[in-house]
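Asks: Heads up: the sequence lines are chains A and B, in that order.
The opening residue of the first sequence carries number 1 in this note's numbering; numbering runs sequentially from there.
The opening residue of the second sequence carries number 1 in this note's numbering; numbering runs sequentially from there.
Please note that a few of the clues may not be correct.
What the hints assert, rightly or not - Straight-line alpha carbon distances no greater than 25 Å define the calculated DSS-like cross-link-like pairs of lysine-lysine that follow:
| # | chain 1 | residue 1 | chain 2 | residue 2 |
| --- | --- | --- | --- | --- |
| 1 | B | LYS274 | B | LYS261 |
| 2 | B | LYS55 | A | LYS175 |
| 3 | B | LYS274 | A | LYS126 |
| 4 | A | LYS61 | B | LYS261 |
| 5 | A | LYS126 | B | LYS238 |
| 6 | B | LYS243 | B | LYS206 |
| 7 | B | LYS284 | A | LYS126 |
| 8 | A | LYS116 | B | LYS8 |
| 9 | B | LYS156 | B | LYS73 |
| 10 | B | LYS238 | B | LYS76 |
| 11 | A | LYS76 | A | LYS135 |
| 12 | A | LYS135 | A | LYS41 |
| 13 | B | LYS156 | A | LYS135 |
| 14 | B | LYS261 | A | LYS135 |
| 15 | B | LYS73 | A | LYS126 |
| 16 | B | LYS8 | B | LYS18 |
| 17 | B | LYS261 | B | LYS55 |
Quick caveat, the hints were computed from the structure, so don't treat them as lab data.
In case you want the letters, here they are:
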Amino acid sequence: MLIFALKVLQMINSVRNTVLSVLNKNNYGYISPSDFNLFAKQAQLDIFEDYFYQYNYQINKENARQSGTGYADITKGYSEVIDSFSVTANLAHIATNTFSVPTELTTDSDYYLINKVLFVDGTSLKEMEQVSHSKITMLLNSLYTAPSTTFPAFTIEESTLTAYPDTIDEYEDVKCQYIRYPEDPKWTYLSLTGGEPAFDSTASDYQDFELPLDDEPDLIMKILQYAGMSIREIAAVQFAQGAENKDDADQK
Amino acid sequence: MAYITQYKYYENDGASPKDENWGSYQYVSLADVVNNFMLMYAGNHSLVNNEERFKVLFHAKRGIQELNYDAFKEIKILQLNVDDNLRFVLPSDYVNWVRVSVYENGVLRPLTENIQTNWSSAYLQDNNNDILFDHAGNALEPGNSNLDLDRIRGSKRSIYLNQNSSFNGLEGYCCDGNWYFDYSIGARFGLNTETANINPTFVINKQAGVINFSSGMSNRSCVLEYVSDGMEGGEDTKINLNKMFEDYIYAYIEYAILNSKLGVQEYVVGRARKRKQALLRNAKIRLSNIHPGRLLMNMRGQNKWIK
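The following block holds chain B by itself, in its conformation from the complex (with noise of 0.2 Å):
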């Protein structure tokens, strides 16, 4: 079977969208894994036979969200501003986070994960502190904790140095040329470097699928890197995994089949392990690219005092 043409890959032969093909070779369609297992390592002579092809497909999707979660690099981007609430949806594919940044001016700042919660859900109580319940029996819940309307309201101080912090905007004195603050005096030797940072932090609540901002983050442009398991929404034409690999997946559900079938010896299932781990080591290996070209620019850099 032909690859496509030229004019396929440029210009998707006219077709909109015309940037449909491009980078397409990078990649072996999950379609195209499925079918070449089938063909190449099950049937009579192989050690996979009679597995119905839903157990590959099963196997060959895991395989690939494992993939995306670390050895791929496959980083998504989404940008978006942040609302009056403070929250930013998580995306429809999100699994996980790698960096969340503002961006303003046409720069990206990193943004700091805060080590303190800035969220939490609540119950309505009485003046004596019990909790209020509805004819059904479940707690009454408002609409947002103190925890929240402080964040959002902007009035939750922040242990990190920025608008929120307890300390910005307190005045201190100046003295043979030395500022001094009275908080500081007796109490503070140093800087704690896990909080020094002037800009807004976050928090994901991944159970309501969203980030919570502490203030000052309210309609600015926050953007969001992060990985998804590669399922494209359950569209199987558009799943695909890179070349590099390809071995790797047919190794994997080679031996995850393996591994779960009654009556494989053992050395058969370690056999298949084995192959299966080294493949991962040097699909790695080859993704990470390392080359001098690479290296060269950081090399340059070796003899600069770091003061």
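This is chain A alone, in the form it adopts within the complex (with noise of 0.2 Å):
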């Protein structure tokens, strides 16, 4: 297991070395740190939304009984992937039953998907209920189905989620779970050796990639496309571009 997390930890030293591994074979060309790091905040978002994208894929082929359990469970795979950036935090009570939704400032990250939203009732939380602009009016107006404390409901606008009833109004009322996006990666190094930058993982703004390691040949080639583009080498993009497709036809 440390193995493992040792391997995780220093992912993007790897990345960076296979990448300027293939671009210095031919002599295509070098990338600086800096550009390697825009390069490698590109590709990390990436492919961290094709992990909706393929989850939701994997269930369609669930549905059509052309994915397996165990082993062949691949929605498992992708479930426990987006499961490692969730985030359970209280939102930030701004005004009368208005909230912050989560943010940097607010619950330490940005959201990418909010998952579900809880009405802390005393000791039992209640699931909120996301509804939207276009319905909710009616959905006040409605006898039948107007949010109450037992079938709570919110929306939002901009940065602001309104809860409902109105009555929600404490800090520490509403609870968020959400998916963040990942940290933004970033190489960093001590000092130049030989003309080349000497990887430092202990400097305070290092941060390594958070996907999984099965993920570095994608980052890679990922990369490397931004990078061919970058130095103008039209053959590594291709490459790239290539290994990539092959890649994804593997995992259809």
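Quick one: dock chain against chain with the hints and give me the complex.
Replies: In structure tokens:
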């Protein structure tokens, strides 16, 4: 387990070394640490977002009975990766029955997707239902389905979450479980050694990739595409695209 | 999750009211129904998917309402004295009546619904019978119509054989041991059993939300048995349904959603409908609680001669 963790911790260095190795193979060129960090961020976001599409794709395959259980349960893998970005936190109270959505400022991370919002009703938790703006007015006027403390609801406008009924109005009344964005990766270095920057994982702003180890090839290919475009080397782009397409096809 | 303790059940943990949980085990709450449905019947691998919870809540409530009208047999009963205007205001959760009785001397006497009306609205009219209007163009209305006034004053005659009958108190004559009355000679060949009731009668004015009684009911104790829709004044936490109908309500919600959802195959909707109907029949039979013990007393009278 420790070995796995160490490997994960140093994934960004491994990715960078591989990218540079491929780029340097035919003297295509070199990318600076700052460029690498920019490309790494984009690549990570690409893959991160793709998890949700892949998860949905796998659900459809399950419904079509084209997916198995046990080791063949691909959905479970995606679900686990997505869950590794899950955060549960109290939402900051702004004003009457309004709360702040998760932000870097209030919950230490921005949200990619709000999975559920909970109303803390004494000792019990009630799941609040997100209602679209096209429905909320009618819902509030509905005798049967108007939000109550038993069946609370909420809407989101900009960075504000409005809770219904408006008696939900206290700090710590509302909890949120959401999927945060991965931290921006940052390959940090100490000094130049023989003309090359030396990797330093102890720097305060160091940030490894947050994706699992099996995404390393995908990260490399995506960064290679960005790097290839950067140094105007179409062969590098085509190579990476080809490898990525093959990988995608294999996973279907 | 553990059920409530015996102490909580019998004594409500020492809190008031003590009887809060008595009999509660017969019922499942609306919150549980919606929660269980979302958990068990909705999701990525279920027939129902991507539906808002408020839709489930709506159909759950509609299902409970329908069950309250006939299947539940949850009769509510309210006793009130009838006021001087011979009115009994319908309860706030009234939907339909089952029986209206007068209660006196320790006996409940069921009343008959009058087959004729005993109330009406009216407009003020002048000597030429033209309707009178106010400056806004609205017809002027009296406090009571003549029909109402006569009923309240006790001067309205009744076709029922009670104190307001046209023939009440009229004397006949006895001949050879038989009584004869002028009004019946050559005209009356038998008793109209539909109107042969001595008790006061009533008519329900649904729009006005009152039961209008014939005279003779003033200040008498009236017992109204009625059904509600189970919505408990909109208090979601108090809405529940009998456990006999739990499976039915899930089937009802599923059917209601599938039936109104675009692109669901007809055979799927049909299957859901049949399941719902079958479960309703089962639940009704269960709730009717027919067993030999209940039939015994009735069956003991099978050899009694009916005169």
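Asks: Run every hint past the structure and note whether it holds.
Replies: Verification of the supplied hints:
1. B:LYS274 - B:LYS261: Since the Cα atoms of LYS274 of chain B and LYS261 of chain B sit roughly 17 Å apart, the hinted pair holds (cutoff 25 Å).
2. B:LYS55 - A:LYS175: 24 Å, holds
3. B:LYS274 - A:LYS126: It is violated: about 33 Å lies between the C-alpha atoms, which goes past 25 Å.
4. A:LYS61 - B:LYS261: Holds: LYS61 of chain A and LYS261 of chain B sit about 22 Å apart, inside 25 Å.
5. A:LYS126 - B:LYS238: Holds - the C-alpha atoms of LYS238 of chain B and LYS126 of chain A are around 16 Å apart, at most 25 Å.
6. B:LYS243 - B:LYS206: 32 Å, violated
7. B:LYS284 - A:LYS126: Judged against 25 Å, a Cα distance of about 33 Å means the pair is violated.
8. A:LYS116 - B:LYS8: 32 Å, violated
9. B:LYS156 - B:LYS73: 37 Å, violated
10. B:LYS238 - B:LYS76: The given pair, whose Cα atoms are some 15 Å apart, holds under the 25 Å limit.
11. A:LYS76 - A:LYS135: Given pair LYS76 of chain A, LYS135 of chain A is violated - Cα atoms ~33 Å apart, limit 25 Å.
12. A:LYS135 - A:LYS41: 37 Å, violated
13. B:LYS156 - A:LYS135: 54 Å, violated
14. B:LYS261 - A:LYS135: The hint holds at about 18 Å.
15. B:LYS73 - A:LYS126: 32 Å, violated
16. B:LYS8 - B:LYS18: 9 Å, holds
17. B:LYS261 - B:LYS55: Cα-Cα ~12 Å, so holds.
When the structure is compared with the earlier hints, violations turn up for hints 3, 6, 7, 8, 9, 11, 12, 13 and 15 and for no others.
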